[in-house]
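Respectively, the protein sequence lines represent chains A and B.
The working numbering numbers the first residue of the first sequence as 5 and each following residue consecutively.
The working numbering numbers the first residue of the second sequence as 498 and each following residue consecutively.
Worth flagging that the hints you see were computed from the coordinates, not collected in a lab.
Every residue, glycine too, gets a C-beta built ideally from N, C-alpha and C.
A hint or two may mislead.
Label pairs and their in silico Cβ distance ranges [unchecked claim]: (1) Gly25(A) / Glu561(B): 46 to 56 Å; (2) Val592(B) / Glu69(A): 21 to 31 Å; (3) Phe625(B) / Leu254(A): 54 to 64 Å; (4) Lys156(A) / Lys501(B): 22 to 32 Å; (5) Thr256(A) / Leu516(B): 19 to 29 Å.
Residues from chain A shown here face chain B by an in silico Cβ test under 10 Å; the list is partial [to be verified]: (6) Ile79; (7) Gly81; (8) Arg82; (9) Ser113; (10) Ala114; (11) Val208; (12) Val212; (13) Thr224; (14) Glu230; (15) Ala243; (16) Arg247; (17) Ala252; (18) Thr256; (19) Glu257.
Here are the simulated DSSO-like cross-link-like pairs (lysine-lysine), alpha carbons at most 27 Å apart as the crow flies [claimed, not checked]: (20) Lys589(B) / Lys18(A); (21) Lys20(A) / Lys34(A); (22) Lys251(A) / Lys696(B); (23) Lys589(B) / Lys120(A); (24) Lys600(B) / Lys510(B); (25) Lys217(A) / Lys580(B); (26) Lys600(B) / Lys589(B); (27) Lys251(A) / Lys501(B); (28) Lys34(A) / Lys18(A); (29) Lys235(A) / Lys580(B); (30) Lys58(A) / Lys34(A).
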Amino acid sequence: MEHYNMNLTLKVWKQKNTKAGGSFETYQVKDISSEMSFLEMFDVLNEQLITEGKDPIAFDHDCREGICGMCSMYIDGRAHGPWTKNTVCQLHMRAFKDGDTIVVEPWRSAAFPVIKDLIVDRGAFDRIMQAGGFISVNTGNAVDANALPIDKKDADTAFNAASCIGCGACVAACKNSSAMLFVSAKVSQLALLPQGQPERESRVLNMVAQMDKEGFGNCTNTYACEAECPKGISVSNIARMNREYLKAGLSTEE
Amino acid sequence: MTWKHFFTSSIGKKLIMGLTGLFLIVFLIVHVGVNSCIFVNDGGETFNAAAHFMSHNWILRIMEIGLFAGLLLHIIQGLLLWKKNNAARPVKYSVNAANANSKWYSRSMGLLGTLLLFFLVIHVSKFFVDTKIALYADGGANDASHNLYNAMKEEFQTWWVVVIYVLGVISLFWHLLHGFQSAFQTLGINHKRYTPIIKAIGVGYTIIVCILFALMPISFYLGWID
Numbered sequence: 005m006e007h008y009n010m011n012l013t014l015k016v017w018k019q020k021n022t023k024a025g026g027s028f029e030t031y032q033v034k035d036i037s038s039e040m041s042f043l044e045m046f047d048v049l050n051e052q053l054i055t056e057g058k059d060p061i062a063f064d065h066d067c068r069e070g071i072c073g074m075c076s077m078y079i080d081g082r083a084h085g086p087w088t089k090n091t092v093c094q095l096h097m098r099a100f101k102d103g104d105t106i107v108v109e110p111w112r113s114a115a116f117p118v119i120k121d122l123i124v125d126r127g128a129f130d131r132i133m134q135a136g137g138f139i140s141v142n143t144g145n146a147v148d149a150n151a152l153p154i155d156k157k158d159a160d161t162a163f164n165a166a167s168c169i170g171c172g173a174c175v176a177a178c179k180n181s182s183a184m185l186f187v188s189a190k191v192s193q194l195a196l197l198p199q200g201q202p203e204r205e206s207r208v209l210n211m212v213a214q215m216d217k218e219g220f221g222n223c224t225n226t227y228a229c230e231a232e233c234p235k236g237i238s239v240s241n242i243a244r245m246n247r248e249y250l251k252a253g254l255s256t257e258e
Numbered sequence: 498m499t500w501k502h503f504f505t506s507s508i509g510k511k512l513i514m515g516l517t518g519l520f521l522i523v524f525l526i527v528h529v530g531v532n533s534c535i536f537v538n539d540g541g542e543t544f545n546a547a548a549h550f551m552s553h554n555w556i557l558r559i560m561e562i563g564l565f566a567g568l569l570l571h572i573i574q575g576l577l578l579w580k581k582n583n584a585a586r587p588v589k590y591s592v593n594a595a596n597a598n599s600k601w602y603s604r605s606m607g608l609l610g611t612l613l614l615f616f617l618v619i620h621v622s623k624f625f626v627d628t629k630i631a632l633y634a635d636g637g638a639n640d641a642s643h644n645l646y647n648a649m650k651e652e653f654q655t656w657w658v659v660v661i662y663v664l665g666v667i668s669l670f671w672h673l674l675h676g677f678q679s680a681f682q683t684l685g686i687n688h689k690r691y692t693p694i695i696k697a698i699g700v701g702y703t704i705i706v707c708i709l710f711a712l713m714p715i716s717f718y719l720g721w722i723d
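Looking at chain B on its own, in the form it has when it is part of the complex (with noise of 0.2 Å):
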C-alpha cells in the first residue's frame, strides 16, 4: 500500500477531511479568542495589541501558511468528494424522505461549506489583504499607523455587511454541529462512554463559538462598543 494509495482510498479522503477540520476547529478557538478582546471595550487597545501579536510573531506567521494549506486542503478534498458523491447516484430518487433518517445539515456539508468559501472570499478581502498590504507594502511604512479596530468599527457601520456576516456566522453553525463530531466518527472514535461527551462538547464549542463570532459585527453595528 503506497501513501498514495492510502490517502485517496475513501478512508484516506475522509481522513483528510476530519483531520484539517479539527485542526480548523483548534484555529477558531485561536480566533474567537483573539477577537473577543474587542469586549474589553477599552477602544481597540487590547484588540489591536493582540492582532500586532499575531501579525508580527514568527511563529505565527509560519503557522499561518499551515492554516491556509490546512483550509485548502479541507475545500479542495470537500469539493472532491461533493462531485465524487454526487455522481454515485446517477438517478435520483423522485420521492426521498430524507428528513425521516438523517439530519438536513448532516446532509449538506458541501452546500454549507460552499457558503463558507464564499464569505471567506468576502471576509479575507476585507481585513486580512488590508494587514498583510500595511505589513509588507512600502516596506511596512503604513504598518504602525494600521489600525484593524478601526478598520473593523467601519466595516461594520454598513447593515448589509453586518447581514453578511451574520449569515456566515449562521453557516458555520450547522457546519460545525455536524462537523465536531463527525471528525471524531472518522478517526475511528465511537464509545458508548466518551461519545456523548464528544457531542456535548461539540454543540457547546459550536453554539459559543458562533455567538460570539456574530456578537461582533452586531456589537460594532448596534454600537454596544466604541
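Looking at chain A on its own, in the form it has when it is part of the complex (with noise of 0.2 Å):
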C-alpha cells in the first residue's frame, strides 16, 4: 500500500471531569503519516498540544494490539471508527485522506460516565462481572488437558464467546446503551463448560440483575452491536443468556 502524508482537520470532545458539561474542540493536525495508527496521530496532536502549553487530550489505550479493550473512542459516528472488527488502536490514518475532517467523541452511555475527555468509566462492566462472571473451583496445579472431555464445537463457541476484551462498543453503539451483548458473551463463556455448571442458575440471574441496576437500556435486537464488536461476538449469544435466563428465572426456588 503507497504511504502518503495528511493534514486533518479533528473535533474532540473535552470534558473537564464527569460533572462538567463537554464540548468539542477544533484542532489541526499536520504530517500524519498513513501508516500511523489513529492512536499515534493523537499522541502527535498531544505532543503538539503540550509544547504549545495547552491542555493534551485524556484518551484511554493500553495494549494497543487490539486485545486490552481500553481504546474507546467513537469516530465519525461508529465505535472504533470505519473499520470493522477492528478497534481504534489498530485503525491505521490510511483509512482516512488528506483534508478529512474527523469527530471523536467518547462513548455515550447512562452507564459510562465520562471521567475527563475520551475516557469513560466502564466500572459498570466490572461490577457485572463480580455478580457472577466467575468459577469457584480451588486453585491449584492445571488440571491435565483431557482430563475434561468437552466437545469440540461447545469449545469453540465458548471461546468465541471469551475472546471479548470488555471495551464496550457494543453499549457506544446500541441506540439503547445496552450491555447485552458483552453481559451475554460472558454467560455464554462459562454456561457452555463443564467448569461453569455450579453457579450456571445463579450467574445468568445475578449478572442480569446488576445489568439492569446499573442503568443500561434494553435489548431490542437491532444488532448494532455485533457489526460494531471489535471481536465479532455474535448475537447468538444473546439468545443463549434469554434462555439461561429463562430457565433459571422460572426454575429457582429462591
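Build the complex: two chains, separate frames, hints provided.
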C-alpha cells in the first residue's frame, strides 16, 4: 500500500470531569503518516498541545495491539471508527484522506460516565463480572488437558464468546445503550463449559440483575452491537442468555 | 426471585414484548382472513356472515378481552421501554452513522408502534365501536340491520381515509418486518438452521398480510369490488 502524508482537522470532545458539561474543540494536525495508528496520531497531537502549553486530550489506551479493550473512541459516528472487527488502536490512518475532518467522541451511555475528555468509567462492566462472571474452583496445579472431555463445538463456541475484550463498543453502538452482548458473551462462555455448571443458574440471574441496576438500556435486537464489535461476538450469545435466564428464572425456588 | 422481579428485569420485559407481539401476529392472521372475505365480491354476503360469527360467538368474545389485554400490555410495555432506553443515553452523539450497523426500521420500533397506535385509535373508532353499539345499544335492536360491509364500503369512498389506512399498513409493514424475527431471538431461538427459515417466514408473512390489508381500502375506493 502506498504511503502518504495528510493534514487533518479533528473535532474532539473535551470535558473537564464527570460533572462538567463538555464541548467540541477543533484541532489541526499536519504531516500525519498513513502508516500511523489512530492513537499515534493522537500522540502527535498531544505532543503538539503540550509544546504549546495547552491541555492534552485524555484518552484510554494500553496494549495497542487490539486485545486489552481499553481504547474507546466513537469516530465519525462509529464505535472504534470506520473499519469493522477492529479496535481504535488497530485503526490506521490510511483509513482517512488528506483534508478530512474527523469527529471523535467518547462512548455515550448513562452507565459509562465520562471521567475526562474521551475516557469513560467502565466500572459497570467490572461490577457485572463481580456479580457472577467467575467459577468457584480451587487454584492449584493445572489439570491435564484431556481430563475433562469437552465437545469441540462447545469449546469453540465458548472460546468465541470468551474473545470479548470488554471494551464497551456494543453499549456505545446500541441505540438503547444496552449491555446485552457483553453480558451474554460472559454468560455463554461459562455456561458452555463443565467448569461453569455449579453457578450456572445464579450466574445469569445475578449478572442480569446487576446489568439492570447499572442503568443500561434494554435490547431491541437491532444487532448494531454485533456489527460494531471488534471481536465479532455473535448475537446468538444474546439468544443463549435469554434461554439461560428463562430457564433459571422459571425454575429457581429462591 | 419473585415473579415481579422476573417480569420487570430487562429480559423479562423483552419476553413480554415478544410474547404479546407473537400473539398479535397470530391475531392478524385471523383478522386478515376474515376481512379477505370481501374479495369474494358477492356484495358482502360472505364477509358479513364471517363478521357476524366473529362478533356473536361467545368463545371469540371472551378471547376478544384477551386480545385487548395483550394489545394494551404490548403498547404500555413498549412505551415504557422507549422511555427507559432513551434515558440510558442522556447525552446523544453529535455524529452517529447508525445506518452502517443496523436497519432504520429496527431502530424505529417505538416510532412505528406509536404511528400504529394513532392508526388503531382511528380504526377502532370507525368500525369496532359501531359494531359494538349495534350489538349492545337498545338491547341489540340494530344488530340485525348492522351491515359492516356497507359501512366499510362507505368509509373507503373518502380519499383521505384510504390514505390513512395505507399509511397505517406501511407502518405495520416495517414494524412486523423487524418484530416477527425479533420475537424469536427474544425467546432464545437463534439457530443456524432454523433462524433463516424463521426470517423467511417473517418476511413472507409481513408482505402477504400487509398487501391484503392495503388492498381492502384501495379496492373499495377504486371500485374493484362492490
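Results for each hint:
Distance hint for Gly25(A) and Glu561(B): a CB-CB separation of about 52 Å, consistent with the stated range 46 to 56 Å. For the hinted restraint 21 to 31 Å between Val592(B) and Glu69(A), the CB-CB distance of approximately 27 Å keeps it satisfied. The hint said 54 to 64 Å for the Cβ distance between Phe625(B) and Leu254(A), and at roughly 36 Å that hint is violated. The hinted window of 22 to 32 Å between Lys156(A) and Lys501(B) is violated, with their beta carbons roughly 42 Å apart.
With their beta carbons about 20 Å apart, Thr256(A) and Leu516(B) fall inside the hinted range of 19 to 29 Å. Given the 10 Å rule on beta carbons, the hint for Ile79(A) holds: about 9 Å separates it from the nearest Cβ of chain B. Given hint, Gly81(A) at the interface with chain B, holds; its Cβ is 3 Å from that chain's nearest Cβ, closer than 10 Å. With a least beta-carbon distance of about 5 Å to chain B, the hint placing Arg82(A) at the interface is held under the 10 Å criterion.
Hint on Ser113(A) holds. Least Cβ distance to chain B is approximately 6 Å, under the 10 Å limit. Hint on Ala114(A) holds. Least Cβ distance to chain B is approximately 5 Å, under the 10 Å limit. At about 9 Å, the closest approach between the beta carbon of Val208(A) and any beta carbon in chain B falls short of 10 Å, and the interface hint on this residue holds. Interface restraint check: Val212(A) against chain B, minimum CB-CB distance 6 Å, threshold 10 Å, status holds.
Look at Thr224(A): its Cβ gets to within about 6 Å of chain B, closer than 10 Å, so that hint holds up. Interface restraint check: Glu230(A) against chain B, minimum CB-CB distance 8 Å, threshold 10 Å, status holds. The interface hint given for Ala243(A) holds, since its Cβ lies 3 Å from the closest Cβ of chain B, which is under the 10 Å cut-off. Look at Arg247(A): its Cβ gets to within about 3 Å of chain B, closer than 10 Å, so that hint holds up.
Interface restraint check for Ala252(A): the shortest CB-CB distance to chain B comes to about 8 Å, inside 10 Å, so the restraint holds. With its C-beta approaching chain B no nearer than about 5 Å, Thr256(A) sits inside the 10 Å limit, and its interface hint holds. At its closest, the beta carbon of Glu257(A) sits 9 Å from a beta carbon of chain B; the interface hint therefore holds under the 10 Å criterion. Straight-line distance between C-alpha atoms of Lys589(B) and Lys18(A) comes to about 15 Å, which keeps the hinted pair within the 27 Å bound.
As the CA atoms of Lys20(A) and Lys34(A) are separated by approximately 26 Å, the hinted pair is consistent with the 27 Å bound. Taking the CA atoms of Lys251(A) and Lys696(B), the gap is about 24 Å. The hint holds against a cut of 27 Å. Taking the CA atoms of Lys589(B) and Lys120(A), the gap is about 17 Å. The hint holds against a cut of 27 Å. Proposed proximity of Lys600(B) and Lys510(B) is supported: the alpha carbons are some 22 Å apart, at most 27 Å.
Proposed proximity of Lys217(A) and Lys580(B) is supported: the alpha carbons are some 16 Å apart, at most 27 Å. Simply put, Lys600(B) and Lys589(B) have alpha-carbon atoms about 19 Å apart, close enough for the 27 Å limit, and the pair holds. Annotation: proposed proximity of Lys251(A) to Lys501(B) holds, straight-line Cα distance about 16 Å (limit 27 Å). A threshold of 27 Å between alpha carbons decides the hint, and for Lys34(A) with Lys18(A) the separation of about 21 Å falls inside it, so the pair holds.
At most 27 Å may separate the alpha-carbon atoms for a hinted pair to count; Lys235(A) and Lys580(B) exceed this at roughly 30 Å. Distance check on the hinted pair: Lys58(A) and Lys34(A) sit about 17 Å apart at the alpha-carbon level, within 27 Å; holds.
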